[in-house]
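**Q** Here are the chains, one letter per residue:
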Amino acid sequence: MYSKEVMDHFANPRNIGIIENADGVGKVGNYVCGDIMWIYIKVRKNENDEDIIDDIRFKTMGCAAAIASSSMATELAKGKTISDALKMTKQNIADSLGGLPAVKLHCSLLATDALVEAIYDYLSKNSLPVPDDVLRKHERIKIDLEKTEKMCLNPKAQENSLKKD
Amino acid sequence: MKRIYMDHAATTPVDERVMKAMNPYLCERYGNASSIHRIGHEAKEALETSRQVIADKINASPDEIIFTSGGTESNNFALKGIAFANRDKGRHIITTRVEHGCVLNSCRWLETQGFKVTYLGVDKNGIVRPDDVSQAITKDTIAVSVIHGNNEVGTVAPIRDIGKICTEKGVYFHTDACQSFTKVPIDVEKDYLDMVTINAHKIYGPKGVGALYIKKGTTIDAWQHGGGHERNLRSGTENIPGIVGFAKSVEIACTDDITYMTKLRDILITRVLSEVLDCTLNGHPAQRLCNNANFSFKGIEGEALLLRLDLHGIACSTASACSSHTLEPSHVLMAMGLGAEDAHSSLRFSVGKENTAEDIEYTIDILKKEVGLLRKMSPVGGINVQ
Ligand SMILES: Cc1ncc(COP(=O)(O)O)c(C=O)c1O
Ligand code: FES
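Heads up: the sequence lines are chains H and F, in that order.
The first sequence maps to residues 1 to 165 in this note's numbering.
The second sequence maps to residues 1 to 386 in this note's numbering.
Please keep in mind that the hints were generated in silico from the structure rather than gathered at the bench.
Virtual Cβ for every residue (Gly too), placed ideally from N, Cα, C.
Be a bit skeptical, because a hint or two may be false.
Claimed, not checked - Here are the computed lysine to aspartate or glutamate pairs in the DMTMM-like style, where the Cα-Cα straight-line distance is at most 20 Å:
#1 F/Lys376 x H/Glu20
#2 H/Lys125 x H/Asp51
#3 H/Lys150 x F/Glu328
#4 F/Lys57 x F/Glu251
#5 H/Lys147 x F/Glu328
#6 H/Lys45 x H/Asp55
#7 F/Lys368 x F/Asp278
#8 F/Lys20 x F/Asp63
#9 F/Lys369 x H/Glu20
#10 H/Lys4 x F/Asp310
#11 F/Lys376 x H/Asp8
Unchecked claim - What follows is a list of derived Cβ distance ranges for each label pair:
#12 H/Gly98 x F/Met334: 30 to 36 Å
#13 H/Asp55 x F/Gly337: 49 to 55 Å
#14 H/Lys4 x F/Gly228: 40 to 46 Å
#15 H/Thr81 x F/Met1: 39 to 45 Å
#16 H/Lys4 x F/Gly313: 14 to 20 Å
#17 F/Asp187 x H/Lys4: 14 to 20 Å
#18 H/Asn12 x F/Arg129: 30 to 36 Å
#19 F/Cys27 x H/Glu5: 43 to 49 Å
#20 H/Gln91 x F/Thr237: 48 to 54 Å
#21 F/Arg97 x H/Glu5: 51 to 57 Å
#22 F/Met1 x H/Asp49: 50 to 56 Å
#23 F/Gln135 x H/Ser124: 55 to 61 Å
#24 H/Glu5 x F/Gln224: 24 to 30 Å
#25 F/Arg97 x H/Gly98: 37 to 43 Å
Make a model of the complete structure from these sequences and hints.
**A** Shown next as structure tokens:
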């Protein structure tokens with residue numbers, strides 16, 4: 001049911017893990033399927049004094065499509081400027097993965113959401129201007145994550161999930 | 001690469017003896033059982049011999065066995081046939097929240113046709129309480145339908161107790177025995193059964209063939225109309241090769257196989273529970289099918305684990321093969337009161353008679369490795385990473 005590219009990224013996911021002292025962390029969840037994804041970014045300036053994503057890692061509890069999407073999202077975002085990274089869509093990820101089954105398109109949305117959320121975290125922590133659409137997305141993502149943690153995680157996992165980092 | 005099939009609850013390979021029994025009925029004895037000539041008669045004979053074999057297995061008489069195209073058709077026929085034939089007596093049907101999709105969706109459709117359906121809950125092990133059945137029966141109730149061996153978690157329902165209640169209260173009792181047939185004894189007399197759904201492809205027979213036992217005197221409408229086959233209850237030229245194969249698969253089912261599968265299942269359960277941390281068994285610890293082991297592995301998602309095992313040649317299943325199209329957690333596990341997290345992290349292994357102890361050994365090794373790997377990838381805390 002999955003493409004060759006999905007199976008490749010699922011079998012050998014790139015950029016798994018966490019970044020100590022990350023500049024931004026994005027945590028997202030989908031309360032229907034219960035999947036959760038975290039993306040960590042490290043930001044630096046390039047020669048034009050633009051913010052670029054220097055390093056990026058992820059942790060995902062989810063289906064094969066979610067794991068492959070997070071892996072692909074980190075590959076695509078690495079080295080991009082923040083403003084270019086924000087332009088990435090779930091369709092970009094799905095296309096790079098050779099397509100996703102219709103029910104699994106939301107898995108790639110989870111990956112772009114996690115990236116947006118990590119960037120939001122970076123911008124707001126550094127008192128940088130947050131674009132309106134990023135702010136709007138952040139509001140939605142925050143509610144989704146709260147719902148996911150409430151509906152899909154047991155209290156012990158919730159506690160630990162909040163404690164981490 | 002290794003190929004280890006541990007998804008026998010989805011379907012089984014056809015046993016060679018079954019294939020050999022079926023073969024002559026494809027190219028040589030291809031007759032139509034309704035034809036009057038000798039070639040037709042040959043087919044008719046095979047049909048009736050097969051019917052006898054299947055009837056004997058559940059202590060029924062042959063004219064109480066109606067052949068169908070499988071479990072789905074038998075369940076549709078039983079529920080819709082009984083509902084419409086008895087709608088002047090009542091409009092109420094009782095079933096459970098842990099049925100196979102074909103029972104649940106038949107019931108949901110009946111609800112659109114003016115019937116009322118009660119979906120009974122189960123306890124944490126997946127057992128329906130006979131008392132709940134008793135209390136749910138009203139003057140309006142026509143029938144009760146309870147799955148015998150659960151296809152997801154393997155729990156075996158107390159059908160004898162439920163059947164007794166139904167008989168005392170004068171309502172029909174149906175059980176879906178697709179998973180339990182030949183694994184758990186069924187005696188239609190002692191178990192007070194009016195209808196039983198069975199099929200062939202779970203017991204090393206071919207796909208697309210099954211039967212419905214209908215007790216003599218049951219008021220039921222035909223659901224498939226046509227030339228009047230199967231005592232005018234199920235029209236359509238009989239699938240003779242399939243039916244012969246079905247009967248053969250029943251004949252070769254033996255207690256040695258059950259003992260063997262139970263042994264493999266128990267090794268799998270004991271070792272997984274002791275060697276994989278933060279893992280629980282779903283379903284009843286003792287009243288369960290001899291081939292089913294269903295676990296929840298905390299902090300990981302079932303589909304991901306299934307596909308990681310598949311990369312190593314191990315075939316198993318999340319919830320049931322048919323629910324792979326949906327995102328929602330298994331309705332069976334949710335009915336048993338599992339949290340969504342545990343329901344999403346479940347995996348079903350169903351062993352078969354051709355599995356070996358080495359297969360189980362290999363599966364446990366790979367399972368430990370892959371569970372550890374996925375947990376390292378998981379952001380959910382509080383879980384032991386091995
Ligand atoms: C409990 C149960 N009922 C019904 C069915 C449907 O049977 P079939 O595949 O023969 O239509 C299955 C399996 O597929 C089953 O496990
Ligand atoms: S099914 Fe929800 S993220 Fe994949």
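**Q** List, from low to high, the hint numbers that the structure doesn't satisfy.
**A** 8, 9, 13, 14, 17, 18, 21, 24
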